[in-house]
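Peer 1: In case you want the letters, here they are:
Number of protein chains: 2
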Amino acid sequence: MKLSEVQKIRKRALALLKKARITVTKGEAKTIEVADFGLSDFRTIGLGLITYENNERYCAKELIMFPRQTCPEHRHPPMDERNNGKQETFRCRWGRVYLYTEGPATARPRAKVPKQYQQFFSVWKEIVLKPGDQHTLPPNTLHWFQAGEEGAVVSEFSSASHDETDFFTDPSINRLPIYE
Amino acid sequence: MKLSEVQKIRKRALALLKKARITVTKGEAKTIEVADFGLSDFRTIGLGLITYENNERYCAKELIMFPRQTCPEHRHPPMDERNNGKQETFRCRWGRVYLYTEGPATARPRAKVPKQYQQFFSVWKEIVLKPGDQHTLPPNTLHWFQAGEEGAVVSEFSSASHDETDFFTDPSINRLPIYE
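Those sequence lines, one after another, are chains A and B. Quick note on numbering: the first sequence equals residues 85 to 264 in my numbering. Quick note on numbering: the second sequence equals residues 85 to 264 in my numbering.
It cannot be assumed that every hint is accurate.
Any copy will do: because identical chains look the same in the list, a pair fits if it lies in one copy or spans two.
Stated by the list, open to error - Subject to a maximum C-alpha distance of 25 Å in a straight line, what follows is the list of computed BS3-like cross-link-like pairs (lysine-lysine):
hint, residue 1, residue 2
1, Lys196, Lys214
2, Lys214, Lys114
3, Lys209, Lys102
4, Lys92, Lys102
5, Lys209, Lys103
6, Lys114, Lys86
7, Lys95, Lys114
8, Lys214, Lys110
9, Lys92, Lys103
10, Lys214, Lys103
11, Lys199, Lys209
12, Lys196, Lys86
In case anyone wonders, no lab produced these hints; they're calculated from the structure.
Can you make the complete structure from the sequences, with help from the hints?
Peer 2: Here you go:
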């Protein structure tokens, strides 16, 4: 992704944060992580992120999603004897999020996945998150989520984040590179 | 504290959350934790809390503070071999927070502590948090904080929270009872 494109995305992400009335520092604004998962189709499969804190014990991020943008299906596998994988809580701050995880498939899911990606989405139990709603996912559980028509801002609270070990259903996904 | 008093405080805390544009569920609004640390002087020494999530690995809370209200000096001691005490990150979302911790005392601190409590405040290194600013405290470190003239809303991200083991400088403090 070109730097000019990254900067355009950051500007739009900041506009969403403003709608959500979430204040970030100038330094945070300049370094919003633009994750396209190596698919070069950011507006469809992608995520803007600000990591407030990530240490060995806990992690807190703000996720910024454009309208109908999707974070692709993945799970956080066990790390070692003491760490059975990242556990995370998603709390919707603004907009709508359609979260999908393991369990009985929802009959008429609200998320719309473009045809070329559908084979990489295998869990369809839907949880709708409106502002103030939250959901905690156990470690090593498949999940993915899509923002509603207006986009979404979601706080993620979790155990330590090790993005490089995430398992994605789509084998062509590479969580890194990060553009910043 | 009488239930009528608790409900009055919750109503005022909700007004502060509204100013900060933070959406909470009806259930959360009804059960805002009103902590007076057993001193029966809530407007001076006290804190409103919503705990979004607290599990063995991480914790996320919203702290709601009235104008010039103070969270009294305390530290989070080691729990066991694997846990050297709660580590926490405070991120100011709205208002102002004056945070004090171990280190060289600030010459003209912004917080004002009423005379009768001053003996129980021993650390005076000041960190001013405006919206978007944050600070991470290592485990087992003495700290306290006071809201500015308008009050404050602060997100706390941390390792697991075990309030009952906190050490307070003021020996008459009892972190529990909680009124809800």
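Peer 1: Which hint numbers doesn't this structure obey?
Peer 2: 3, 5 and 12
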